[in-house]
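First to last, the protein sequences are chains U and S. Start counting the first sequence at 7; every next residue gets the next number (this note's numbering). Start counting the second sequence at 7; every next residue gets the next number (this note's numbering).
Copies of one chain are not kept apart here, so a pair can be met inside one copy or by any two copies together.
In silico BS3-like cross-links for lysine-lysine, where the CA-CA straight-line distance does not exceed 27 Å:
#: 1; residue 1: K417; residue 2: K428
#: 2; residue 1: K130; residue 2: K68
#: 3; residue 1: K68; residue 2: K142
#: 4; residue 1: K211; residue 2: K188
#: 5; residue 1: K417; residue 2: K453
#: 6; residue 1: K391; residue 2: K68
#: 7; residue 1: K337; residue 2: K188
#: 8; residue 1: K428; residue 2: K391
#: 9; residue 1: K213; residue 2: K337
Simulated from the structure, these hints should not be mistaken for lab results.
Number of protein chains: 2
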Amino acid sequence: MNASEFRRRGKEMVDYVADYLEGIEGRPVYPDVEPGYLRPLIPTAAPQEPEAFEDIINDIEKIIMPGVTHWHSPYFFAYFPTASSYPAMLADMLCGAIGCIGFSWAASPACTELETVMMDWLGKMLQLPEAFLAGKAGEGGGVIQGSASEATLVALLAARTKVIRQLQAQSPELTQAAIMEKLVAYSSDQAHSSVERAGLIGGVKLKAIPSDGKFAMRASALQEALEQDKAAGLIPFFVVATLGTTSCCSFDNLLEVGPISELRVTHLSSKCTGKKEDMWLHIDAAYAGSAFICPEFRHLLNGVEFADSFNFNPHKWLLVNFDCSAMWVKKRTDLTGAFKLDPVYLKHSHQDSGLITDYRHWQIPLGRRFRSLKMWFVFRMYGVKGLQAYIRKGSNQLNEALLQRINSAKKIHLVPCHLRDKIVLRFAVCARTVESAHVQFAWEHIKELAGDVLRVEKE
Amino acid sequence: MNASEFRRRGKEMVDYVADYLEGIEGRPVYPDVEPGYLRPLIPTAAPQEPEAFEDIINDIEKIIMPGVTHWHSPYFFAYFPTASSYPAMLADMLCGAIGCIGFSWAASPACTELETVMMDWLGKMLQLPEAFLAGKAGEGGGVIQGSASEATLVALLAARTKVIRQLQAQSPELTQAAIMEKLVAYSSDQAHSSVERAGLIGGVKLKAIPSDGKFAMRASALQEALEQDKAAGLIPFFVVATLGTTSCCSFDNLLEVGPISELRVTHLSSKCTGKKEDMWLHIDAAYAGSAFICPEFRHLLNGVEFADSFNFNPHKWLLVNFDCSAMWVKKRTDLTGAFKLDPVYLKHSHQDSGLITDYRHWQIPLGRRFRSLKMWFVFRMYGVKGLQAYIRKGSNQLNEALLQRINSAKKIHLVPCHLRDKIVLRFAVCARTVESAHVQFAWEHIKELAGDVLRVEKE
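Extracted from the complex, chain U is given alone in its bound form (with noise of 0.2 Å):
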């Protein structure tokens, strides 16, 4: 396929993904198909001999999209929600046709420098604490990993090397074994599974603390773990704290954990309160952490001071297409620290400046696609007002419209009321004589009149 088959070929199919995203509605939302469907459908090996182009279009609708599980259908209410956009899929197709591996700075200035910027512009719409920043010369700043599964597994890799390092200075003849083997990190029994894997992976124990009524983690039952531990000889060092959790959406207690947990002020403090543990604090937040743009959920974050890292997925529900999972620390010397390696074939006359920042020491994987292009256009095009009505989703307006709907069709009766910027449609259960029916047959009418208002909204 040369460049004027593309230009044609890309065409169809900026038509086709059109299509598809127009009527995905129409299409079964889980489909219905029994393990090994493909396999008999696709012949058994490559073909030797190139085939046309109109013949692999065919098949994706015949033997691709009946297999789909269709993520971007509005009926699709599994798992959690993986972001989509027009200008995220519009700078996907430049990432792919400049296909530089960023690893460096120097394998693409533009590549790394684009992402420090917009991790930084990402960090002030959700007002992080300035260590988290990169600005110009900042100890901190921002890398986009692949998944949050990437990024909590940096984070403990980091704080391991941190921890065997500190101590081995006080005691050189720890071998690292012999430290890793009492090290001990922790969690809500509410994070995600990646946090236990993390663990499995890195090689130390994780112990779940058990959350409190409102599944969150507080400061009690983690510090009464911490006490147990201590006592029994090993040495805690990694916490995250989960600021939405998969299955319930609940918010760990940062005020309260974040002050344990510390890590930083932990050798100037603890000599006067002995409460300061010299653990690293990781803040997953990879479902809810979109909210914190708008003012009103920003209070769910506070306490995001305490922590070392803090991760969240712009390509959860940031309209930032798979994959961007946003993370920042304090000091990027506690990630370069532990993963540097420079072999010769990957050294770059500027490295050494201290000016510039290679991501390949930020993360698992040596390669890294473009992809602050992705935030760069959806951003720009959106505009923080924008991304945070996307994220609102609902307004004051649309109740304001419910409302008088429901009063003009005189059917039942309610007044508003005001939750400070809020306007909140109240509904009391009102007469002596009100019964179940009643309040189901209101119910009904409500939810009727309120699909109207959405249907006008729409057009």
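Following the hints, position chain S against chain U.
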């Protein structure tokens, strides 16, 4: 941006991509920028209001392209090749539109099943032993990793889990840490830095075996290290053999190293020979592996039958855009057993049927894109013959044309020979009076004519 604007902008982007790749030869391959060039060109924070698409597109040439190292320029000879083809780009557009996160079979059956079948297709192209193929009910199979670094790490972690379980089964009193302290992995001193990094992440020792005069790892050197380490009470458990090293594309001697490290025959044969070691053999052919699809290069892979896992990067040299790192194992349970965690929110009804593959157990991240679409498009649009021709690039016809030009020009005289299927131009130094200057003259003349032949071929 709605679907209709995407149709328009998407088609403009297709043209931009085609223009970029058609004109890439005219761009400076390495950017003329200093570290920090980009930040002053970009606002310090994301815009509050949406911007126009034109503004973003214009900024690509103003801000991004001046900082791009053009990996697909024909003047790019740094690092290693990274694949780029139009069919793969079309497939990636479709992948972005479907946007599924295929961590389990149920999360999108087509995503999992096409990957399994494509890895079988590719395995057959390489003539991999049957044990590496999934087939309908095989114990082995392939998976697409993001990078060879991840493949090596996954193999090392699986081997680590396996040996720890084996030793604990024999001696239940042994702790994981006590075993890990003694584990040693091996690779050539020419192995890629990601192998050393996998050792660091996995918390095990990695020893570099001195390579021979051809930069190859040989059995004798490996055996020597093994004897020393075993005498010191260490436990060898993992060997990486490299086929095509990064620095000079040297090949470890697989036919020597393979039999030493074959794992599965150990318990059967160690009684007889006392020579087999209980080690996992991983083959890293990231760089050179694509060549094995040509029968004339396949012998370089001989010995793969001794390996537990094998990896190479179609995203380097097989026209499948990054990321697509192909990894096969003989026993899938070695991987899934090392990583399997099954939280209820990821369970599905088919998972215990034994019929399905949940790729999340085969890799470090949880999420994964529909990357097999790229393989499917590329394999079908090129055909095996087209891919082989791309690896070979030159052809007998080109050599014949060059010879004809040389002998027509009559400034020098050559005769050809056949080496098996290849037409080779023999350059024999014949006359008593030949000086270095004559050879230099001949070489310049041949280069000029060869350039003419290639220009004609291109037009």
